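Novice: Protein sequences, first through last, are from chains A and B. Numbers 1 to 199, taken from our numbering, label the letters of the first sequence in order. Numbers 1 to 146, taken from our numbering, label the letters of the second sequence in order.
Mixed in with the good hints, there may be bad ones.
[Stated by the list, open to error] In silico DSBU-like pairs for lysine-lysine, Cα to Cα no more than 30 Å straight-line:
| # | chain 1 | residue 1 | chain 2 | residue 2 |
| --- | --- | --- | --- | --- |
| 1 | B | Lys123 | B | Lys145 |
| 2 | B | Lys145 | A | Lys34 |
| 3 | B | Lys145 | A | Lys37 |
[What the hints assert, rightly or not] Under 10 Å between C-beta atoms, here's a sample of chain A residues computed to sit facing chain B:
| # | residue |
| --- | --- |
| 4 | Thr21 |
| 5 | Leu27 |
| 6 | Gly36 |
| 7 | Glu195 |
| 8 | Ile197 |
The set of hints was computed from the structure by calculation and includes no laboratory data. Computed from a prediction, not measured in an experiment: that's the story for all the values here. The beta-carbon is built from N, C-alpha and C at its ideal position, and this holds for glycine as well.
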Amino acid sequence: MRTAGRIAGLLIVGLLAGCATRDRVVLLPGGDGKVGKVMVQSRSSDRQVLLDTAYGEAQTSSQGGNQAAVIEPAAVQRDFGEVLAAMPQRPMMVLLNFEGDSTALDAGSRARLPEVLASIASRPAPEVVLVGHTDRAGTPQYNDKLGMDRAVVVRDALVAIGLKPRDISVTSRGEREPLVTTPDDVSEPQNRRVEVIVR
Amino acid sequence: MRKSALFLAAAILAFNAQAGGAAGVFKVVTGNVSVQRGEQRLPASVGMQVQVADVIRTGKDGSAGLVFQDNSLLSLGPASRLVVDHFSFDSTTHDGQFETTLARGKLAVVSGKIAKHQLDAMKVYTPTSILGIRGTEFVVEAEGKE
Numbered sequence: 001m002r003t004a005g006r007i008a009g010l011l012i013v014g015l016l017a018g019c020a021t022r023d024r025v026v027l028l029p030g031g032d033g034k035v036g037k038v039m040v041q042s043r044s045s046d047r048q049v050l051l052d053t054a055y056g057e058a059q060t061s062s063q064g065g066n067q068a069a070v071i072e073p074a075a076v077q078r079d080f081g082e083v084l085a086a087m088p089q090r091p092m093m094v095l096l097n098f099e100g101d102s103t104a105l106d107a108g109s110r111a112r113l114p115e116v117l118a119s120i121a122s123r124p125a126p127e128v129v130l131v132g133h134t135d136r137a138g139t140p141q142y143n144d145k146l147g148m149d150r151a152v153v154v155r156d157a158l159v160a161i162g163l164k165p166r167d168i169s170v171t172s173r174g175e176r177e178p179l180v181t182t183p184d185d186v187s188e189p190q191n192r193r194v195e196v197i198v199r
Numbered sequence: 001m002r003k004s005a006l007f008l009a010a011a012i013l014a015f016n017a018q019a020g021g022a023a024g025v026f027k028v029v030t031g032n033v034s035v036q037r038g039e040q041r042l043p044a045s046v047g048m049q050v051q052v053a054d055v056i057r058t059g060k061d062g063s064a065g066l067v068f069q070d071n072s073l074l075s076l077g078p079a080s081r082l083v084v085d086h087f088s089f090d091s092t093t094h095d096g097q098f099e100t101t102l103a104r105g106k107l108a109v110v111s112g113k114i115a116k117h118q119l120d121a122m123k124v125y126t127p128t129s130i131l132g133i134r135g136t137e138f139v140v141e142a143e144g145k146e
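With these hints in hand, go ahead and build the complete structure from the sequences.
Specialist: See the structure below:
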């Protein structure tokens, strides 16, 4: 009888420990220095906590509690160091510029190309989006094609260093998205470019 | 006539974003990491694609990092389990929905274009809470059982 009571007691302790599951969320400062927001809604009560300060922490439990506090950056490193270390590199964006009415890179971009290609190849399983642009010299139709031809030149350079074509997408914005606004039919070196977005 | 052509173009774009198949890709895999896809349990590797309804598990020595189509970055610590409940993203309009469940373990997030474009389009569920993501970087721990 006594044993039965003890077992029942242990069971209750076990059940309580099992039931009282807790979760926590910590908001971190963003890579750009800005701090975002996370709304934490408890599933077992109508309590909500809005995290909007760096290192703000909310804890929720299956028993409905919902607390907020600010914790030390060192505590984040201690408790979340391993998971943060597994974070993939952030996507990067590079611009390559071209000669007028041409798919040839300009001198500056030609010099930078090896470094750009190497930095793309050094990423694990890189995926690349290439967007070709032109200045406003020539017709919009002509420039749609020129933008695409420029993107394809960069794609070929990436395939040549071993990237898979299925991991590279190419599009053209033609003359629609100038970096520098100009009247029609004006040649502008900064607008002749391929945006290289890598993740 | 013009309107319906526009609608068709929009529908094709939206379809393409969906038909891409993969929601995300593994970029970091350390130790024991697997993906449960239906009946199959696949070992994870760098470059492997992740789909909606996949369950990602890390062992005691494992961790993983993924990039999703909207540029969201997610990483999982050791002894963790994450379910990709829902992912859709239109790369033209940035409309989309991204929902995951951290059943157990630790998750770090840098949110991407979906969360930036629309309030509460990105959510993370834990056993005791629902997180509405309004940007951008945070970590989550779920005590949940194995």
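Novice: Which earlier hints turn out false for this structure, listed by number in ascending order?
Specialist: Violated hints (numbers, rising): 2, 7; every other hint is consistent with the structure.
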